[in-house]
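Residue numbers (the numbering used here), protein chains in the order written: chain A, 764 to 1001; chain B, 409 to 622.
Everything labelled a hint here was simulated from the structure, so no lab data went into it.
Don't take each hint at face value.
[What the hints assert, rightly or not] Derived CB-CB ranges, DEER-like: (1) B/K418 / A/I768: 53 to 61 angstroms; (2) A/M764 / B/K478: 27 to 35 angstroms; (3) B/D618 / A/I765: 51 to 59 angstroms; (4) B/I475 / A/L844: 25 to 33 angstroms; (5) B/V584 / A/E864: 38 to 46 angstroms; (6) B/F559 / A/E932: 48 to 56 angstroms; (7) B/I556 / A/V939: 21 to 29 angstroms; (8) A/L955 / B/L470: 44 to 52 angstroms.
In this text, all values refer to a predicted model and were calculated from it rather than measured experimentally.
Backbone N, C-alpha and C fix where the C-beta goes; we use that ideal spot for every residue, glycine too.
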Amino acid sequence: MIEHIELFFKAIFIDNMVFAVFLGMCSYLAVSKKVTTAVGLGAAVIFVLAVTVPLNWLLDQYLLQPGALKWLGAEYADYDLGFLSFIMFIATIATMVQLVEIVVEKFSPSLYNSLGIFLPLIAVNCAILGGSLFMQSKEIETLGLALNYGISSGIGWFLAILAIAAIREKIRYSNVPPPLRGLGITFIITGLMGIGFLSFGGMLTGGDEETPAKEKTVEIQQTTEENKKVANNTKIIE
Amino acid sequence: MGLLSKKDAKLITDPLADNNPITIQVLGICSALAITAELKASLVMAIAVLFVMGVGNVVISLIRNIIPSKIRIIVQLVVVASLVIIVDQVLKAYQYELSKTLSVFIGLIITNCIIMGRFEAFALGNGPWRAFLDGIGNALGYGVILIIVGFFRELLGSGTLFGIPVLGDAIDKTGVYSIGYENNGFMLMPPMALIIVGLLIWVQRSRNKDLIED
């Protein structure tokens, strides 16, 4: 359970798709002029990630990893189809997006109309392929964790585009220098938000193991001069 | 007259400045920002994109009359994915360290909007030679931005270029470090790439008033 919570917060705040690894920037910049459209696209991205990352995990686990093919028979155990990852991932993503589009159109025409062009556009959003590729490179262990990773990466992206859309709506009435208007100021604001998100970097590094050591060093510092040398040595070893 | 007619030469020079894929067309941002902490990574990425765009544009242009319109996105994706697999394997074979740094961003060339964008906008409607030039031009425009960002980030962030210390030695305090200059470690963090591109856009639009929005 604890690793689910850890992964959840890590994917949203520390490895945020927009601020830490810059995925999905093109649609992020293009769609963030109004909050309502940003919310629509963000929701669509969460949904597609939640569907494609677990699916690609299954593909990776049973087809693409080195030694993955042993369920076919022992002689296939040392095949490594890893080089096919790109094509297989992008094929599943394109297919899933097409399927999702058909299903949404049939079961909820109003949602389909409000999403409009965004749904097919998501297939080539680097955030989606990036989610699957990072899932593969981080070697996520179970299907549940993969689903968790998909949803939380989507939420991270959603947070980012929501924030920048809200800010862009506000600065339309500010005195931005003409050459910076529009794209330039958005880049700089996103950079500043990224710096802000860096502060989350210390979030998951604390814990029980560190506190006793910290207490120890504080105690040792309070001892007399003769113990200073010993204390210094101990601190270095800590 | 030279190798290229005036119109063809424009295909290469336009994306280098006035129609730059990153700062004007707003495409290909993702990979442009994430790997530019080292100049070497930026250069290799630029070359990879150059290869994929050049060959990809030619291939799509050659088969443009036989692709049915309904499946053209899938065909484009397959072409790009195959080329990227080649690039990835070559990189893993000859520059393993770098392929670890670039990790997933080589794969993300597939969804690099510049490539699909140029396929749709140009290669599907023009002959192979012009499509090739257009691909090269846009890849060069992309590469220029990558190299500029990588240059500043590596120089200011670690005082090296291509791994060679150029400002003096930080530990022995020679060169510029002797007067108290310190490396700006912040430059190596991802958000600074965004800010540098924002500043580049500022410079570019100040020099060319037509590009200003609103």
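Each hint, compared with the structure:
Remark: the range hint 53 to 61 angstroms for B/K418 to A/I768 is upheld by a beta-carbon distance near 56 angstroms. At roughly 46 angstroms, the beta-carbon separation of A/M764 and B/K478 lies outside the given 27 to 35 angstroms, and the hint is violated. Checked against the given bound of 51 to 59 angstroms, the beta carbons of B/D618 and A/I765, roughly 56 angstroms apart, stay inside it. Between B/I475 and A/L844 the beta carbons are some 27 angstroms apart, a value that agrees with the proposed interval 25 to 33 angstroms.
A beta carbon spacing of about 57 angstroms between B/V584 and A/E864 contradicts the range 38 to 46 angstroms that was offered as a hint. Between B/F559 and A/E932 the CB atoms are about 35 angstroms apart, so this pair departs from the stated range of 48 to 56 angstroms. In this structure the hint that B/I556 and A/V939 lie 21 to 29 angstroms apart at CB holds, the actual value being about 23 angstroms. The hinted window of 44 to 52 angstroms between A/L955 and B/L470 holds, with their beta carbons roughly 46 angstroms apart.
Hint check: violations occur at hints 2, 5, 6; the rest are consistent with the structure.
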